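Chemist: Each chain, letter by letter, is given below.
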Amino acid sequence: MTLIVKTVTRLTVGLILIYGIFIVLEGHIGPGGGFAGGVIIALSFIHLILAFGKEAVLKKLDQERALFFASLGGLAFLLFISFGLRQSHRSFGGSENFSLFSAGPIPFYEIASSVLVGAGLFAVFLVLILSSRGKEG
Amino acid sequence: MELHLLLLFMICASILALELKDLISSVIALSAVGLGLSLSFLILKAPNLAITQLVVEIICVIILIRATINKDLPLVKDGRWLFNTISTISFIACFLFFAYFALKELPLFGAPLMKVSSEYLAGALKDTGSENIVTAIKFGFRSFDSLAELAVFFTAVIGVLAITRKAARNDE
Numbered sequence: 001m002t003l004i005v006k007t008v009t010r011l012t013v014g015l016i017l018i019y020g021i022f023i024v025l026e027g028h029i030g031p032g033g034g035f036a037g038g039v040i041i042a043l044s045f046i047h048l049i050l051a052f053g054k055e056a057v058l059k060k061l062d063q064e065r066a067l068f069f070a071s072l073g074g075l076a077f078l079l080f081i082s083f084g085l086r087q088s089h090r091s092f093g094g095s096e097n098f099s100l101f102s103a104g105p106i107p108f109y110e111i112a113s114s115v116l117v118g119a120g121l122f123a124v125f126l127v128l129i130l131s132s133r134g135k136e137g
Numbered sequence: 138m139e140l141h142l143l144l145l146f147m148i149c150a151s152i153l154a155l156e157l158k159d160l161i162s163s164v165i166a167l168s169a170v171g172l173g174l175s176l177s178f179l180i181l182k183a184p185n186l187a188i189t190q191l192v193v194e195i196i197c198v199i200i201l202i203r204a205t206i207n208k209d210l211p212l213v214k215d216g217r218w219l220f221n222t223i224s225t226i227s228f229i230a231c232f233l234f235f236a237y238f239a240l241k242e243l244p245l246f247g248a249p250l251m252k253v254s255s256e257y258l259a260g261a262l263k264d265t266g267s268e269n270i271v272t273a274i275k276f277g278f279r280s281f282d283s284l285a286e287l288a289v290f291f292t293a294v295i296g297v298l299a300i301t302r303k304a305a306r307n308d309e
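So the sequence lines, in the order shown, correspond to chains A and B.
The opening position of the first sequence corresponds to residue 1 in this note's numbering, with each subsequent residue numbered one higher.
The opening position of the second sequence corresponds to residue 138 in this note's numbering, with each subsequent residue numbered one higher.
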């Protein structure tokens, strides 16, 4: 891409990533949640690919590693949900309304599902872009 | 009033998305439908759903299509219009037939059944400690639902990876 796109991407992609993490972490307080936050996190990586080309991103996070993170998110969700079923919500850390650590296990569920959704969506995007570019060239 | 304007806008944009010949313009018209839907969710006081709708429908659709498709897709128009029309009409008739019996059993519009959900609403804030009641219900009372959703998503990802890997191997 051109220099303008690269510069703007370099400035904005960190903000997009931080906004995704914010959406994940405040899902039990305001609107948002694991799914939307995970999609935003994946979109920041997709933004990097569109601006800098796929080689720059594939060095950091290739398809196997994205799939590994998606599996990790799924296993973590399973683990948290089994803990959350055994324990009551009160005993899973702080559960006071409007305190710093509220809502018991729900933030952990959000984080695990955001990892699954973000890594999975990014893996799908990578596979699609690799297969479509591979046919042309 | 705003809702009706938005619905009119969405209908116009979806007709445009169907009729436009250029693929990119059609995708952008489709995402305008998504924007209208997201705004109407905001008007109907569902910000959780509005964020998800905005992210998925607009950004994902635009970026996925823009990044993965380079040329316009060929549009198949010829042949079999008789079969297509007959099958479409029969499907619509079948749907209307079953919907007539199914919709009679539904509660009236604006008067939902509150047997289970009133318990949820009463206990959500106190039992889970989450201020967002949607998240409290989704991850607190219905964690198994979320688990099954994530399982479906993971299965879809695995399926796409498997199919594209096989297609790439066949190309070589």
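Each hint should be verified, as a subset may be incorrect.
[Claimed, not checked] EDC-like mimics (lysine to aspartate or glutamate), calculated; alpha carbons at most 20 Å apart, straight line:
#, chain 1, residue 1, chain 2, residue 2
1, A, K6, A, E55
2, B, K182, B, E139
3, B, K241, B, E256
4, B, K252, B, E242
5, B, K263, A, E55
6, B, K182, A, E55
[What the hints assert, rightly or not] So, partial list: chain A residues that the calculated Cβ filter (under 8 Å) puts toward chain B:
#, residue
7, A56
8, A76
9, Y109
[As the list claims (entries may be wrong)] Taking CB as the label site, the calculated pair distances span:
#, chain 1, residue 1, chain 2, residue 2, range
10, A, K59, B, E156, 26 to 32 Å
11, B, S162, A, F52, 26 to 32 Å
12, A, F83, B, I202, 39 to 45 Å
13, A, K60, B, I300, 30 to 36 Å
14, B, K182, A, V8, 30 to 36 Å
15, A, I18, B, A293, 43 to 49 Å
16, A, L58, B, F234, 39 to 45 Å
17, B, F232, A, R65, 30 to 36 Å
18, A, T7, B, N221, 47 to 53 Å
No lab work stands behind these hints, which were simulated from the structure alone.
A quick note: this is a predicted structure, and the numbers were derived from the prediction, not measured.
Cβ coordinates follow ideal geometry from the N, Cα and C atoms, glycine included.
Chemist: If a hint holds in the structure, say so; if it doesn't, say that too.
Modeler: How the hints compare with the structure:
The suggested pairing of K6(A) with E55(A) holds, with an alpha-carbon distance near 15 Å, which does not exceed 20 Å. Between K182(B) and E139(B), the direct Cα distance comes to roughly 13 Å. Compliance with the 20 Å bound is thereby established for this hinted pair. Taking the CA atoms of K241(B) and E256(B), the gap is about 26 Å. The hint is violated against a cut of 20 Å. Restraint check for K252(B) and E242(B): the C-alpha separation of about 16 Å stays at or below 20 Å, so the hint holds.
For the hint pairing K263(B) with E55(A), the CA-to-CA distance comes to about 50 Å; that exceeds 20 Å, so the pair is violated. Note on K182(B) and E55(A): the hinted pairing is violated, with a Cα-Cα distance of about 43 Å set against a maximum of 20 Å. For A56(A), the interface hint is violated, since its Cβ never comes within 8 Å of a Cβ in chain B; the closest pair sits about 15 Å apart. The beta carbon of A76(A) comes no nearer than 11 Å to any beta carbon in chain B, farther than 8 Å, and the hint placing it at the interface is violated.
Because the beta carbon of Y109(A) sits about 5 Å from the nearest beta carbon in chain B, less than 8 Å, this interface hint is met. For K59(A) and E156(B), the Cβ-Cβ distance of about 43 Å falls outside the hinted range of 26 to 32 Å, so the restraint is violated. Distance hint check for S162(B) and F52(A): the Cβ-Cβ separation is about 27 Å, which falls inside the suggested range of 26 to 32 Å. For the pair F83(A) and I202(B), the beta carbons lie near 40 Å from each other, so the given range of 39 to 45 Å is met.
Range check, K60(A) to I300(B): about 25 Å between beta-carbon atoms, so the 30 to 36 Å window is missed. In this structure the hint that K182(B) and V8(A) lie 30 to 36 Å apart at CB holds, the actual value being about 34 Å. Between I18(A) and A293(B) the beta carbon distance is about 28 Å. The supplied range of 43 to 49 Å is therefore violated. The hint said 39 to 45 Å for the Cβ distance between L58(A) and F234(B), and at roughly 52 Å that hint is violated.
In this structure the hint that F232(B) and R65(A) lie 30 to 36 Å apart at CB is violated, the actual value being about 44 Å. Taking the beta carbon of each, T7(A) and N221(B) are about 50 Å apart, inside 47 to 53 Å as hinted.
Consistency note: the structure conflicts with the earlier hints numbered 3, 5, 6, 7, 8, 10, 13, 15, 16, 17.
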